[in-house]
Amino acid sequence: MRKQSIMPRLRRLFTVRNLVIGIPMIWLFALAAAPLLLVLNISLAHMEVTSVSSLWHWADNELTLKFNFGNYLYLGEDSLYFDTYVSSLKFAALTTLYCLIVGYPFAYFISRAPEHLRTMLLMLVMLPFWTSFLLRIYAWKALLADNGVVNNGLMGLGVIASPIHMMHTSFSLTIGMVYAYLPFMVLPLYATLVKLDGRMLEAAADLGASPFKTFWLVTVPLTKRGIIAGSLLVFIPAFGEYVIPELLGGPRTLMIARVLWDEFFSNNDWPMASAVTIVMILLILVPMALFNRYNDETRLGEKS
Amino acid sequence: MRNMFGRSLFGRSWLIAVFIFLYIPIVTLVVYSFNDSRLSTVWTGFTFKWYVDASHDRELIDGLIISLKLAFMSATLSVIFGTFTAFVLVRYGRFKGRGLLTSMANAPLVMPDVIVGISLLLMLVALQKWLGFPERGIGTILLGHALIGTSFATVVIISRLREIDLRLEEAAMDLGCKPFQVFWLVTLPLIASALVSAFLLTFTLSFDDVVIAAFLSGPGSTTLPLVIFSRARLGLDPSINAVATVIIVVVSIGVIASSLYQLRAERRRQREVADAYAQGKS
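So the protein lines, in turn, are chains A and B.
Per this note's numbering, the first sequence starts with residue 1, numbered consecutively.
Per this note's numbering, the second sequence starts with residue 1001, numbered consecutively.
In short, the hints are calculated from the structure, not lab data.
None of these values were measured; they are calculated from a predicted model.
We put the beta carbon where it would ideally sit given N, CA and C, even for glycine.
Any given hint might turn out to be false.
[To be verified] Simulated restraints on C-beta separations:
1. A/200 to B/1271: 31 to 39 angstroms
2. B/1061 to A/114: 43 to 51 angstroms
3. A/206 to B/1100: 47 to 55 angstroms
4. B/1258 to A/89: 32 to 40 angstroms
5. B/1096 to A/289: 16 to 24 angstroms
6. B/1278 to A/207: 41 to 49 angstroms
7. B/1092 to A/200: 34 to 42 angstroms
8. B/1266 to A/217: 35 to 43 angstroms
9. A/198 to B/1045: 50 to 58 angstroms
[Stated by the list, open to error] Here are the simulated DMTMM-like pairs of lysine to aspartate or glutamate, each with C-alpha atoms no more than 20 angstroms apart in a straight line:
10. B/1049 to B/1059
11. B/1049 to B/1237
12. B/1129 to A/269
13. A/195 to B/1163
14. A/213 to A/202
15. B/1069 to B/1053
[Unchecked claim] Not close to chain A: a few residues of chain B, all C-beta gaps over 10 angstroms, as computed:
16. 1046
17. 1058
18. 1068
19. 1135
20. 1150
21. 1165
22. 1177
23. 1181
24. 1184
25. 1271
26. 1274
27. 1275
Let the hints inform the model, and build the full structure from the sequences given.
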């Protein structure tokens, strides 16, 4: 009698299990995956008077599929789009590089600080991150304006005679981007640096490596994970950043998110905007896949 | 010579320089919120008038109320779905679609907001055409924020779920608890601190967002960041500095208080665990 009741029980268990799996699956599919599939669909359509054309058409027992690759062809022909994609990639890469240059020593010094200080320093890194991102970017407008804090300060000190034009240039854009994304670089770097085994560095030093050599041949390779994670966390969102270029960038600092925004809100051309989006996704697909793999790997790694 | 930089002068100056870089905009916001001049670049005198202005500004106040409501709802949904996602990913081993679930949970962490906003908007428009709802408004912004929030909550909760001692759950199971009881009575209390962190994080993410809200908002759902953003585009507005200062003060107190609390809770928990083991051994 006992044995017979195992099967239905097992079956019930499996349905509960599947239900629990199903809840996040459906939620994320509906909000993350389905919309992207729809964007792909719309990018292959064209704009009719008030709505987007349908891709399939059923008449006389015949299913006709109509793909319109015109949007993509147009993206390739118009140099504005190409230049904007290149420029966005460039700004994202520069932001990543500067964040790494500033953030690596920064994370390193925090990880080497005495333990009671470390928690406080980390909290100080996180604190700006908790206060509004938008307001912090807005603050740079007052800092970098022609009659802004930085210019006034430098003129007051007699370093410069007349204000330097900084706002709405690639300089103000880059400063804003590095400022906003620096914590995303520092935290993963810190996480790997703090786990670094000090004995490895001692061993290298004992074997006669110079401090620089130790750093380059031991510390950096051991913190590769943090470098990759931090770089991806900066590069991918920076590529599609909208707010910072809108507030701090200028007419010549082309960023793809602004073009996309205009395409959508001003021109109202949804299929074109969708095609711009799909190409954006294609461009960040490799970094995204890397991020995904890395994220899963560390999770599995933690387990063992 | 233990390491390259050690606690050298160079190290200290680097730390100080970067911290100045991180805090200068915040200090500027606060200082100029008390500046008498409308041109918030020259200091002309001390005043509270921008705070008075801001408190009478209906657009800002309405935006604030909408944003607070939205952030609360988004954080609640994010923690619920984040817990499910994290639980499934940590405890269910291999199952069909695990890779898909991982990718879908990871993607919004880095996916540019513009893409999330545009794709959700297009889907909601298509749904509206097909079913007649949803109208664009707080509800649609909520969906966008809760998606991002779910991903971040998942990360926070996953790392806590990994830490907890599986033997506690096994013990509960041995003592006859049903799986659901184990989750409700043992697992959930153990990850409570992570749920609080996840709630605070996703609350902040929603309270901060401009881009997704810009795509998904409708009439009557202008959030505080949307108000601030449209004014910031036009130029500098000292009322924004006043709002910013209030936000900065509230957030700073909150962050410091919660990290002190968590530090103390963590210490107490470790002591309790140590005591328990010590008693068990004797």
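Status of each hint after checking the structure:
1. A/200 to B/1271: 31 to 39 angstroms: holds (32 angstroms)
2. B/1061 to A/114: 43 to 51 angstroms: holds (45 angstroms)
3. A/206 to B/1100: 47 to 55 angstroms: Holds, since residue 206 of chain A and residue 1100 of chain B (Cβ atoms, about 49 angstroms apart) stay within the stated range.
4. B/1258 to A/89: 32 to 40 angstroms: At roughly 38 angstroms between Cβ atoms, residue 89 of chain A and residue 1258 of chain B fall inside 32 to 40 angstroms, so the hint holds.
5. B/1096 to A/289: 16 to 24 angstroms: Check passed, 20 angstroms falls within 16 to 24 angstroms.
6. B/1278 to A/207: 41 to 49 angstroms: At roughly 42 angstroms between Cβ atoms, residue 207 of chain A and residue 1278 of chain B fall inside 41 to 49 angstroms, so the hint holds.
7. B/1092 to A/200: 34 to 42 angstroms: holds (37 angstroms)
8. B/1266 to A/217: 35 to 43 angstroms: Between residue 1266 of chain B and residue 217 of chain A, where Cβ atoms are some 36 angstroms apart, the hint holds.
9. A/198 to B/1045: 50 to 58 angstroms: holds (54 angstroms)
10. B/1049 to B/1059: With a Cα-Cα distance of about 17 angstroms, the restraint between residue 1049 of chain B and residue 1059 of chain B holds, given a limit of 20 angstroms.
11. B/1049 to B/1237: The hint holds at about 13 angstroms.
12. B/1129 to A/269: holds (18 angstroms)
13. A/195 to B/1163: With a Cα-Cα distance of about 17 angstroms, the restraint between residue 195 of chain A and residue 1163 of chain B holds, given a limit of 20 angstroms.
14. A/213 to A/202: holds (12 angstroms)
15. B/1069 to B/1053: Status violated; Cα separation ~23 angstroms.
16. 1046: Correct as stated: the minimum Cβ-Cβ distance to chain A is 17 angstroms, above 10 angstroms.
17. 1058: Holds: least Cβ distance 20 angstroms, greater than 10 angstroms.
18. 1068: Given a closest Cβ separation of 13 angstroms, the condition holds.
19. 1135: Given that every Cβ of chain A is farther than 10 angstroms from that of residue 1135 of chain B, nearest at about 18 angstroms, it holds.
20. 1150: violated (7 angstroms)
21. 1165: holds (14 angstroms)
22. 1177: holds (15 angstroms)
23. 1181: Non-interface label on residue 1181 of chain B holds, nearest chain A Cβ at 13 angstroms vs cutoff 10 angstroms.
24. 1184: holds (13 angstroms)
25. 1271: holds (18 angstroms)
26. 1274: Given a closest Cβ separation of 19 angstroms, the condition holds.
27. 1275: Correct as stated: the minimum Cβ-Cβ distance to chain A is 23 angstroms, above 10 angstroms.
Consistency note: the structure conflicts with the earlier hints numbered 15, 20.
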